[in-house]
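Given chain A, work out where chains B, C, D and E should sit, using these hints.
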Amino acid sequence: MSEKFEPTIIGFLCNWCAYAGADLAGVSRLQYPPNMRPIRVMCSGMVPADIVVNALEQGADGVMVMG
Amino acid sequence: MAEILLGREKPGIFKDKVMELLPEGGNLNACLTCGACSSGCPATGLEDMDPKKFLRMAALGMDEQVTSTPWVWMCTMCRRCIHVCPMEIDIPQLVYYARQSWPRDKRPRGILASCDLALKNDTCSAMGTNEEDFEFVVEDVLDEYREAQPEFAEMKAPVNKQGAEFFFNQNSREPVTEPDEMVPLWKILHLVGANWTYGTKGWAAENYCMFLADDKAWKHIVETKAKAVEDLGCKVWLNTE
Amino acid sequence: MAEDLRFVVKKVVGEENFVDMYPNKSNNYCCGGGGGFLQSGYAEERHKFGQIKTDQIIATKADYCITPCHNCHAQVHDLAEIHDHAWNTVHLWTLICLSLGILGPNERAYLGDDLAGVAVFHPESEM
Amino acid sequence: MNVELLTLSEIVDVEGDAGNFTIKVKKKSRYVDTDKCIACGLCAEKCPKKVDDEFNANMGKRKAIYIKYGQSVPLKYAIDPDNCIYLTRGKCRACEKFCPTGAINFDDKEEIVSINVGAVILAPGFKAFDPSGLDCYGYGIIPDVVTSLEYERMLSAGGPFQGHLVRPSDHTEPKKIAWLQCVGSRNTNQCKNGYCSNVCCMYAIKQAMVTSEHLSGEGTEQSIFYMDIRSHGKEFERYYENARKGDVQFIQARPHTIDPGKNNNGVIMRYTNTEGRQIVKEFDLAVLSVGLEAPEDAPQLAEKFKIELNHYGFAKTKDFNPVSTIRPGVFVTGAFQAPKDIPQSVTEASTAAAEAARILSASRGSLTKTKTYPPENDVKDQVPSIGVFICSCGINIANTVDVHALAEYAKDLPYVSFVDNNLFTCSADTQAIIAEKIKEHKLNRIVIAACTPRTHEPLFQDTLKEASLNGYLVEMVNIRNQNSWVHQKEPEKATQKAKDQVWMGVARVAKNYPLDQISVNVVRKALVIGGGLAGMNSALALADQGYDCILIENNDRLGGNAWFLNHTYKGEPIRPMLEKIIDKVENNEKINVIKNAQLLSVQGSIGNFSSEIQADNEKINVNYGVAVVATGAKESRPAEYMYGKDDRIMTHLEFDAAVRNNNNEIKKAKSAVFIQCVGSRDEKRPYCSRVCCTHAVESAIFLKTVNPEMNVYILYRDMRTYGDREDLYKKARDLGVLFIRFNRNDKPEVSIENNEIYVKVYEPVVQLPVKLYADFLILAAAIVPNKNDELVELYKCGVNQDGFLNEAHPKLKPVDMPVDGLFVAGMCNYPKPVDESIAQGLAAASRAGVILSRDKMKLDAIKSMVTDKCDGCALCVDACPYNAIKLEHDSEKTGKSYVVSDPALCRGCGICEATCPKGGIIVHGFTTEQIQAQVDAALTNQLIY
Amino acid sequence: MIEIQIGKLAEKFSVHRNTVSNWIKSGKLAARPTIAKRYLIDEAELIRFCDQFDIPKDFIGEFEKNDNHFAQNSSVQKKISGKNPLKQNPFAPEQTGVNTRQNNNEVTMTDKPTGSVMVVGGGIAGMQATLDLAESGYRVYMIEKSAGIGGAMAQLDKTFPTNDCAM
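Chains as they are written, first to last, in our numbering: chain A, 816 to 882; chain B, 88 to 328; chain C, 138 to 264; chain D, 14 to 958; chain E, 782 to 948.
Chain A with its partners taken away, still in its complex shape (with noise of 0.2 Å):
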């Protein structure tokens, strides 16, 4: 294979906990790879499980909910 594998994330973050913390390490420059998408939630809890599976279905390759 000459191509690396690059996978495609879908990364839901909740916007108290997770995108507060993904906002700081962007304040950090915390350096992380480019792969996630992220979507932000009002909570990890609103990410309905059929969306979850959908992504998946589409070709995500990993899904994060993050809160």
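To be clear, the hints were calculated from the coordinates, so they are not data collected in a lab.
Everything numeric in this text was worked out from a predicted model, so none of it was measured.
None of the hints are false.
Straight-line distance between alpha carbons at most 27 Å, and here's what the computed DSSO-like set of lysine-lysine pairs gives: (1) C:K198 <-> D:K275; (2) C:K198 <-> D:K294; (3) D:K188 <-> E:K939; (4) D:K784 <-> B:K97; (5) E:K926 <-> D:K122; (6) D:K62 <-> E:K926; (7) C:K185 <-> D:K275; (8) E:K806 <-> D:K608; (9) D:K59 <-> E:K926; (10) D:K319 <-> E:K926; (11) E:K893 <-> D:K319; (12) D:K871 <-> D:K478.
Have a look at the derived ranges for each label pair, beta carbon to beta carbon: (13) D:E585 <-> B:E96: 33 to 43 Å; (14) E:V796 <-> D:E585: 28 to 38 Å; (15) A:A864 <-> D:D260: 31 to 41 Å; (16) D:D569 <-> B:E96: 40 to 50 Å.
Just so it is clear, CB atoms sit at the ideal spot from N, CA and C, and this is done for glycine as well.
Leaving out everything else, chains B, C, D and E in the frame of chain A:
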């Protein structure tokens, strides 16, 4: 040991007696039982005792144990316990008075003998050396060195020199057992041109009567020495102990 | 006072040869010679008491331990003895005179073999 | 909006009196124009001068131009003039050269401003004790001895080691860590801080617990060396017990000295264990739990404001006026008043706010502003016309993300009718541009691709509202914090991610619709439940603020427990004060006192509650906007130590009554014994009753004062005389009260022999059993909450495992209850002494005042909404953490069931939305559709409708 | 308007304070209650009253003039329970020493107070006090000596019992 019964009577009085004697009562009541004293005390564990326990026994009125444990003779009253005690409790003074509560003749022989010898004459020497002997040793050693080491032919070891700046003490043992050890000191004093003197009275440096917790004798020794210094009109009293 | 003494010691032995023990100054450990312990007859306990001081001195890896007074000198010397002469115990005056080159042959009772013969003042006066 | 923040400022001069102070404030130069600074950080990157970072306890470095920390407010840089090379040596100005917005201003001059205020609240905080002066701990000499504050930074992800726990000496992970408590506290020898710093026990336990999470592998060990563990706050004891059950070791000992470890790595400590043996132990790191001192500028502040400090340098207050000073209109709060923890600081901050509000209520609203906007255009049914504004953030974004490519890409996205790239999208002139473009291109949805919505969304919402658009039609796409800053080395992938992010934003905003912020009419009246000190003080403070109050008390008299107490810990007599307060309450025209009252029902929610109250023989209906719950607690009846078998065995309150009744037997007694923790800190009630240690010590002092010959013994587990209550503990010891520690598993035994009371206890220091003769035995009976079952049922609020009413957040919302519009005060929340009960009562009045001060209350629009797809399955009802959803049945019309969501209670968390299997309930602004659109955009590059 | 204290006025008229209260209550003397349990009286009204009782008016100058004092809603809230109207006497003895003002030898607010507060210190306590006041109708000036607010709590890594991030 059987349980201690407390509450009905006033507990032991030893601690309270000591507290009356000390400024602020030595803070003896203030103990938090934190144990910082015992943690840093080299005498912790000797005789199954430590400073915290010793103080606590006094607080519980266990006067008999407090006033009879030989541990009080193993505490050097170095005050390392007070150094870190959050409440600045004067345990060494408690130890001192516990020593004092021993019958004089039951106190450790070595200390007792040294004190008694020091009381024998006005030199205060713990080895009982009298005035003439001391003066003779000093002069004898001095003569010997002035001769053998011509650079120090002018060196002096004055005795009873009126009006000297410094009144010098010497450990009791040196003139008797190792007189040569006095010489380096003389040399230094000579080279710096110090105006100093020994006194035939009160020359001995240590005070075993204090260690013996014999207040009267301690006082006598100190007074004897102080009088010797005053009689010679010296300004500074230098004690190497 | 503590700093003045350190100044003198460093001048005498050279800054590089001075090792302070830890802890030091007001928070140092008592060697166990004082307070009458030396004369109280409890030699075994006194040696136990001095164990911390022994450890402290050994930790410095120094060859000489300077003691301020005769009580300490006797105790520290004793401790060295029971620890196989792990160090030499000296009075400060001995080192001052040694450094000034005026320490005669009879004034060296407490110097170790390494210094016993160094800069002897009037060696012929040995008795 | 109504807060003016003056940083780098200090008080110069104070004139005037309560109601009208004129205060001169010196504003030091920041050298950075805060209007222009966008906190891009370029200046700091280029600044050549490294300075010890005080925020990181000097363990890390910052630059001479700096922000205090990443989330600093204001997030604006400042130049430290003592270290700036240009300001000290006249050369450099690198920051100025590189600043993309021209924010650097070396001509910035210090200025003195005069400010007119009606009241002042002093909250300058504390100073952490500096242990450098103590030779025994080797701080500053031994590298692996750190202070607790340094350790806090060491643990922090934002700290000098990025949250990797390494010790300073060799940067390896420490396995064995020791905490030394009471460094700079409870010590009158090495320092002059005779008080307990109150917070160190808990922060040490917390640090040990957090450390457990950091460390892995074998051989880890955390040891806390303590004198008394003081876990006397709510839930603290449980936290302590958990730590004990976990791998934290608690050693009741105090090392004398910390010695350096081998090769100066780690430390060696010698301590004496409970058997009196000296233990020598090595640790990889020692943490000194340093105490809290009054702030350094306390004397100057006190002088300027003419207030008094106590003998420890903290602000002096009285128990009945816990935040008031001798200067009217000047209040103190936080750790400046006494060492205190976060919840207490937050509570008493509200107390101070209440005191300020009660003297200024005549001018409430006179200086505040509210913003008005032009009427909103109705765009609900318009086809989306999206404007995308891409921010370069100077070069913060543009250096990594190709913003031009991004703009080109955005142009082709569906519904996008305008794309712009700005140097700084947040700047004031760009706001004008956005408004202009909205008009020009008839934009009805906006995407801002810039930084984080957490700080900037309100700004852009405001811009939209100014442009007659609903504020909820903007979507921020975070291409800085979550893209350019974190993918600096991969510009291409970062650009791709930014494209996806913008695409996701567009997809989402296309489905945004205008949202209304619901308004609730506020009934400007409060219900106070419970007429003890907390409730009465709350009612008085509310009345002084001009609000009507209904105070209900289930007893036939006001006053509660205060009737049974003799004086406060500071020695203030309680009875006369209590009578005055009752008199004031009963005669206050704004307070309607209803005694023998029972709450029967509760309807409504924040702003508008209604209840039926049973009072004697009548039922009264009341309407109120908020409620303060102060139902109190009481002393329990002991179930042990032969309580009830003999009159001479009594509880604290019974003893106090005996003292009040001049019981001479007490004064003549030979011996009195106190036993602590009777029914507290045990299996059944695993909490500390907080007040009993101080109470016992006060009673013991009383006995020793009236009869110095009496033998007084206090048998305790940990003495918890926190703060300057420690002075009382010290005084009791000095008077000769003997304190004997006992173990939970080896409790004292009480016996009655020949009609004489004896208490047997094991004395741990001398390690012998002690038998105490007792003329009186006083038991520190646990404080238990009054029954709150009905209240909890009516308000749907909660109690903790011990039956105490819960607060909304243990640290940050200690007075609010989890149900909006309810506030908690006094012992029903947790056992507490008079001063703290009063403080919380007043604090509740302040918190309530926030709601009562307005006619209408706007709620956030992000709320759940029930759709017509709801079939009443009620799955969401239990899932809702805020009890905002109810099941209703429409028996008349459709005969169907459905759920109803109360917007006043809903927090928009959307758990209901995720739970509902058929889209029967959604959250505005975060509909499943919108989330799905974002996922689709991220994955398929096609908009799916 | 003149601000009066009942006790003082009673002294001047040589009557019991309750008498003065009753005058006000019955409307004989037109006075409005203010927040500090004082009353505002029109100067003319006071002069009229003095004349009526033939009392020298020179004392009027001793009372504070207060022209813009915010007076509380004078229509006394109707009591809901109303069982014992006497105990809810709004003209009860003044200032018995519980809240700050009385505790501190009585502050007389000569003018309407300034509706703003200064909070010195931007730590968690200062922030909470600021928010409470700003949200309940007062302008707040927050003075912080460093470059940003947050205080000591911002330096904490986590807080117990939740071990939440302290930020």
